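Student: Sequence:
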Amino acid sequence: MRDDKPRQEGMDYWSGPHSQIIAASKGLLEYRQQHLSQTEHSFWPQVDGLETQVSEDRRIDGIAEVTFENMLSPLAGRKQTALAFQDEVNVFRRTLMHMGLPYSSRWLTATDKEDSQLRDVLYLRRQEGVSSHAFRQYVNEKLIDQLAEVDSVTEVRSQVYMPWNEKTWDTPNVAHDNPKSEHLHASVILGFANQEARQDFYEKVAPQLNVTLTTYVSALHTYQIDKTLTFVADGKRQ
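Residue numbering for the sequence shown follows my numbering, beginning at 1 and increasing consecutively.
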């Protein structure tokens, strides 16, 4: 969010007028916002070789998740995209677009468990020397399957990104600085039924995952998701 205005004012504008510009785009299958906690972050258990602390300058306020109906859908929404370009300066200090190809994401929910009441998002940076293919296989196959088997986890969603390129979303008068050392290569959203289950995961399960995580991941930044807002689902505005 812009730092010359109260943060909550920016969050409200994002979920209000700005969201309606995006939601009106043609060709959308899904559009949701994840509003991240300003203070509850960087809580993944520390281990040598894994960066877990989020710097204040790179702290993320929220995530706009957009899924298109097909590969040509972005062309249908060009009018609304142009409006969004011009409106971003009203709310954002910095924006970075991370894109994923079809089938670069997995979303697993446990039908035999309680619904998710709490969610966190994990951002992963690929370990130097690990290929994109090996990293994608680890995140979308091994890691997500491990997480789905955890009793305290009710939902797992992974997204592995294409290489970041500023030109995919270079809105005017908004920062898009993203040095290679700060690049993020994937995200994982975890759901929990309650705070007890969440605490159990980070105290007992996460330290065990660190054993193999550091082979593929050099940084893992965690954020509590304060709220999830859905504006388009199954191609229909909500």
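Hint data in this document are derived by calculation from the structure and do not stem from the laboratory. None of these values were measured; they are calculated from a predicted model. Virtual Cβ for every residue (Gly too), placed ideally from N, Cα, C. Hints are not guaranteed to be accurate.
Think about it this way: if two alpha-carbon atoms lie no more than 30 Å apart in a straight line, the pair counts; the simulated BS3-like pairs of lysine-lysine are [claimed, not checked]:
no., residue 1, residue 2
1, Lys26, Lys167
2, Lys236, Lys113
3, Lys204, Lys113
4, Lys236, Lys204
5, Lys79, Lys227
6, Lys180, Lys167
7, Lys113, Lys5
8, Lys204, Lys79
9, Lys204, Lys142
10, Lys26, Lys79
11, Lys142, Lys113
12, Lys236, Lys142
13, Lys5, Lys142
14, Lys227, Lys5
15, Lys79, Lys5
16, Lys227, Lys26
17, Lys5, Lys204
18, Lys79, Lys236
19, Lys236, Lys26
20, Lys167, Lys204
FRET-style restraints, in silico, Cβ to Cβ [claimed, not checked]:
no., residue 1, residue 2, range
21, Pro179, Arg2, 17 to 25 Å
22, Val211, Asp115, 35 to 43 Å
23, Arg59, Thr214, 18 to 26 Å
24, Arg2, Glu182, 45 to 53 Å
25, Gln199, Gln146, 44 to 52 Å
Student: Now, for every hint given, state plainly whether the structure supports it.
Tutor: Hint check results:
Taking the CA atoms of Lys26 and Lys167, the gap is about 22 Å. The hint holds against a cut of 30 Å. Note on Lys236 and Lys113: the hinted pairing holds, with a Cα-Cα distance of about 28 Å set against a maximum of 30 Å. Under the criterion of a C-alpha separation no larger than 30 Å, the hint pairing Lys204 with Lys113 is consistent with the structure, at around 19 Å. Taking the CA atoms of Lys236 and Lys204, the gap is near 40 Å; set against the 30 Å cutoff, the hint is violated.
A hinted pair counts as satisfied when its Cα atoms are at most 30 Å apart, and Lys79 with Lys227 qualifies at roughly 29 Å. Restraint check: the Cα-Cα separation between Lys180 and Lys167 comes to about 15 Å, which is no more than 30 Å; the hinted pair holds. As the CA atoms of Lys113 and Lys5 are separated by approximately 41 Å, the hinted pair breaks the 30 Å bound. At most 30 Å may separate the alpha-carbon atoms for a hinted pair to count; Lys204 and Lys79 exceed this at roughly 49 Å.
Of the supplied pair hints, the one linking Lys204 and Lys142 holds, its CA atoms being roughly 19 Å apart against a limit of 30 Å. Proximity of Lys26 to Lys79 is assessed by CA-CA distance (about 9 Å); at most 30 Å being required, the pair is judged to hold. Taking the CA atoms of Lys142 and Lys113, the gap is about 21 Å. The hint holds against a cut of 30 Å. The hinted pair formed by Lys236 and Lys142 fails the criterion: a straight-line CA distance of about 33 Å is larger than 30 Å.
Restraint check for Lys5 and Lys142: the C-alpha separation of about 42 Å exceeds 30 Å, so the hint is violated. Restraint check: the Cα-Cα separation between Lys227 and Lys5 comes to about 21 Å, which is no more than 30 Å; the hinted pair holds. Under the criterion of a C-alpha separation no larger than 30 Å, the hint pairing Lys79 with Lys5 is consistent with the structure, at around 28 Å. For the suggested pair Lys227 and Lys26, the alpha carbons sit about 25 Å apart, so the restraint of at most 30 Å is met.
Restraint check for Lys5 and Lys204: the C-alpha separation of about 40 Å exceeds 30 Å, so the hint is violated. At most 30 Å may separate the alpha-carbon atoms for a hinted pair to count; Lys79 and Lys236 meet this at roughly 18 Å. Of the pairs offered as hints, the one joining Lys236 and Lys26 holds, with about 10 Å between alpha carbons and a cut-off of 30 Å not exceeded. The straight-line distance between the Cα atoms of Lys167 and Lys204 is roughly 42 Å, outside the 30 Å bound, and the hint therefore fails.
For Pro179 paired with Arg2, a C-beta distance near 21 Å keeps the hint of 17 to 25 Å intact. Between Val211 and Asp115 the Cβ separation comes to about 30 Å, which falls outside the hinted range of 35 to 43 Å. Separated by about 23 Å at the C-beta atoms, Arg59 and Thr214 satisfy the suggested range of 18 to 26 Å. The hinted window of 45 to 53 Å between Arg2 and Glu182 is violated, with their beta carbons roughly 20 Å apart.
Taken as a hint, the range 44 to 52 Å is violated for the pair Gln199 and Gln146, whose Cβ atoms sit roughly 19 Å apart.
Against the hints set out earlier in the document, violations occur for numbers 4, 7, 8, 12, 13, 17, 20, 22, 24 and 25.
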